[in-house]
Amino acid sequence: MKKKWAERVFSLFLMALAVSAYWQTLILPESKSGLITGSAFFPRWLALLLFICSAIPFARTIIQTTEESETMVFPPPRILLKLFTFMALIGGILLIIPYTGWLGAQLVLVFTVELVFEKRKWTHSLVIAVAAMTVIYGVFELGLGIRLPRGVFE
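Residues in the sequence shown are numbered consecutively from 1228, following the numbering used here.
Don't read these hints as lab results, they were simulated from the structure.
Label-pair ranges, simulated between beta-carbon atoms:
#1 I1289 with I1323: 36 to 46 Å
#2 E1234 with V1354: 32 to 42 Å
#3 I1363 with Y1326: 12 to 22 Å
#4 Y1326 with P1304: 30 to 40 Å
#5 I1306 with F1237: 12 to 22 Å
#6 R1377 with P1304: 39 to 49 Å
#7 L1371 with A1233: 35 to 45 Å
#8 V1357 with R1305: 29 to 39 Å
#9 H1351 with I1254: 39 to 49 Å
Keep in mind it's a predicted model, so treat the numbers as computed, not measured. Glycine included, every Cβ here is placed at the ideal spot set by N, Cα and C.
Just need the whole structure built from these sequences, with the hints factored in.
Here it is in structure tokens:
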């Protein structure tokens, strides 16, 4: 019974956070081009996604029977180690962005994830990382006109 209520409270907290984040985007300026893009586009969709992703577990705790919701499944230590390693990798990437810029940091992140977590060959990992970097550059720099951080290459 405690797990179900804890999950409900946490889901409600995340939904409130999503509503607050969406509310904050209402003060951001709209796009001058009249398109739906602009400085509020990404944060609004992210807030909506957070709300939906937190509403699903909340609804699941209401719909499921007590017996189903009380079975606690805790991931094995190997999965927890992967999760903590990934979080440490994200932290390291955040630290190198001021030096390498966003695209360089993304290249390192995607290459490392493909190599370490997906266990691909280094050539295949490099191709995927360069492709991801090219897509992000195309979407933000060329498509939306948003300048990504350049790091020491400013």
